[in-house]
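Peer 1: Listed below, chain by chain, are the residues.
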Amino acid sequence: MTKNNSNSKNPLHGLWALTNRDLKKWYKNPIILLLGIIQPIIWMSLLGKAMNLGSMFTSFSPTLPSTIPQPIQEQIIQAMSDLSKQAMLSIFGTADYFSYMAVGMMSFVVMFTAMFSGMSMVFDRRLGFLNKVLSTPVARGSILMAKIFSAVIRALFQATIVLGIAYVIGPLSVSAGFSILNLLGVYAALFLISMGLSSIFILIAIRSTRQETQMAVVNLLNLPLMFASNALFPASLMPDWLQTITKINPVTYATDATRQLILYTVDMHQLAIDFLFLGAFAVIFSTIGIVLSWRYLSK
Amino acid sequence: MLNDALVVEGLTKVFNNNLVAVDHVSFTVKEGEIFGFLGPNGAGKTTTINMFITVLKPTEGRATVCGFDIAKQSSEVRNCLGVVPQEYTADEDLTGLENILLCADLYGIPREISEKRATELLELVELTKFKDKQVATYSGGMRRRLELACGLINRPHVFFLDEPTLGLDVQTRAATWNYIKLLKKEYGMTIFMTTHYLEEADMLCDRIAIIDYGKIIIMGTPNDLKEGLGGDIMTVSIQDSKADISDLIKKVPKVKEVKKQDGAYRIKVVDGEETAPIIIDAVRAEGHKVTRLALTKPTLDEVYLEYTGKSIREEEESREGFRAQRIAMRRARGERTRGGP
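Note that the protein sequences, when read in sequence, are chains A and B.
Residue numbers for the first sequence follow this note's numbering, beginning at 1336 and rising by one.
Residue numbers for the second sequence follow this note's numbering, beginning at 34 and rising by one.
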């Protein structure tokens, strides 16, 4: 009957226990894990190989009139091929659409995992688990952060799978200056965006007891977030109004940062802007989450 | 510590839709006491518990648990209480042991202590054999016992039990009663429980409050409440069916009420055991021959009926139906979680 048996513990106790609880549901379930690996393969095959935008330019071989002498014909074909490469480079920043898309796909799986993070909050409330946690001295902010971190860890794992698959089924045209530092930068960018996005979706779920509402919100937002960004297609070719949306869409910044770090020669100025935006996005929404969890987790 | 474990003053909860779930409730639970909250569905029992365990914020009034204010010192309150909620809250995907250790982590109990306590508690609730099995495979009784173990991991000062035996079979219910008695005896734990099983309240609780529509209607020891009804019921029949001895019986001290029903006399009487012989003597002195005699103690059923106007039996039926529905819903949700993305 020691009354104050837990006075000296640190304020973050329980954070890892709760995070690990959510992760256990995931890594102990081989089917979910397997589906999580298969899903990006399907997406990459469909978008990167079937809908290969790059091949529109590169596989184009014109039949020239036979009156043109052979050497000139060869020169023309060569010139056209060069032109299409240039077109690819100027539009996509790389001559290879698969690489362009594969890196965008990393942001996409991160976004997708983060969007579903609110669901487990709804289930915890419905099944009474949340009430039990709320009756323990664990900090309210920790309850929320545990959900965010478990989503972030899952998202980063998925992104790693995508990168691995892209590398294997590739070819992934990695830039010449690519180093371990770039890779850390990639993870930092993905960490920030998954933290910001999962904060938003957990915030939506903070008082909710209906998983239908969550599903509706996810369905409403996933396509706009994905396509109103540069994840699959460059924003520069979009109409102005859509470009405005891409500029406030965090997916754009995460994708730009990861592309720069993996595929392009790094533009330090642009990269700094990307990280500034992503950092602010993650900090603002997770802070709002923690503040609101004090007020709104208990009814 | 001789403080009162639970002091409640004018506690009120009004939900957003203006539903007054708990209406100016005041009472005190002494250290080491088992206090029972009895009432029909929707009377406000669970809402009251949820305020004590700081899951709900009171709209008005105050309460202290172990001397800490539930609104202002919620973190201290949480440290000193344990709770077994009405629902099964254990995580189905984890094992029993993992669930207990998770609870321990939530209280910030260091692993070396929590592992020792978990072993003891699993032994107490007889789940040692199943500790490494997923909770999804547990039966209802096992899950209830696991909840009990989880609630005890922080060695709480005040233990809140919300319908601890709801939907359990007879043996498991009896076993749960034994655990509750053991907790009081071994640890002197203060226990606040809600129940709608009257025999349970009668047997376990030192004091009972009957609550309906958010208000405490009556409070006292089970015996006080039963005696408050006006005493025991004595039934007497005499050979001469034409004679009326009602007035004669009414003259005996401690007789409250006499009714002639189907040729027998139904007598409400205080201290039945002592008064009965006096009544018999009085009847015999007038030359009547007593042919039949019965003395029944009032049960809490009658108390409950008297104060809530509802029979516990109708209650129980609707309750079981509600529970079955809940379980079906949970199953459905469980399937969806596992199949989902």
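Since the hints were made in silico from the structure, they are not lab data.
Just to be clear, a hint being listed does not mean it is correct.
Okay, the calculated bits of chain B under chain A, using three or more residues with CB under 8 Å as the criterion [as the list claims (entries may be wrong)]:
1. 99 to 112
2. 266 to 278
Residues of chain A placed beyond 10 Å of chain B at every Cβ, according to the derived structure [what the hints assert, rightly or not]:
3. Q1405
4. P1406
5. L1462
6. F1464
7. L1469
8. G1520
9. M1561
10. I1583
Quick reminder that beta carbons are idealized off the backbone N, C-alpha and C, glycines included.
Peer 1: Is the Cβ of L1469(A) farther than 10 Å from every Cβ of chain B?
Peer 2: Check fails; 5 Å does not lie beyond 10 Å.
Peer 1: Can we confirm that no CB of chain B comes within 10 Å of the CB of L1462(A)?
Peer 2: 7 Å, violated
Peer 1: Would you assess whether I1583(A), listed as outside the interface, keeps its beta-carbon beyond 10 Å of every beta-carbon in chain B?
Peer 2: 27 Å, holds
Peer 1: Taking the minimum C-beta separation from F1464(A) to chain B, is that value above 10 Å?
Peer 2: Non-interface label fails for F1464(A): nearest chain B Cβ at 5 Å, not farther than 10 Å.
Peer 1: Is M1561(A) truly not at the interface, in the sense that its beta carbon sits beyond 10 Å from all beta carbons of chain B?
Peer 2: 15 Å, holds
Peer 1: Count residues of the region 99 to 112 of chain B with a Cβ under 8 Å from any Cβ of chain A, then say if the count reaches three.
Peer 2: With 4 residues closer than 8 Å to chain A, the region 99 to 112 of chain B meets the three-residue bar; holds.
Peer 1: Hey, is P1406(A) genuinely clear of chain B, shortest beta carbon separation above 10 Å?
Peer 2: Nearest chain B Cβ is 58 Å from P1406(A), so the label holds.
Peer 1: Is the nearest Cβ of chain B still more than 10 Å from the Cβ of Q1405(A)?
Peer 2: Its Cβ never comes within 10 Å of chain B, the nearest being 57 Å, so this holds.
Peer 1: Since G1520(A) was said not to touch the interface, does its Cβ keep a gap of more than 10 Å from each Cβ of chain B?
Peer 2: Consistent with the label, G1520(A) stays out of reach of chain B, its closest Cβ about 29 Å off (over 10 Å).
Peer 1: Check whether three or more residues of the region 266 to 278 of chain B sit with their beta carbon closer than 8 Å to a beta carbon of chain A.
Peer 2: violated (count 0)
Checked against the numbered hints given earlier, this structure breaks hints 2, 5, 6, 7; the rest are met.
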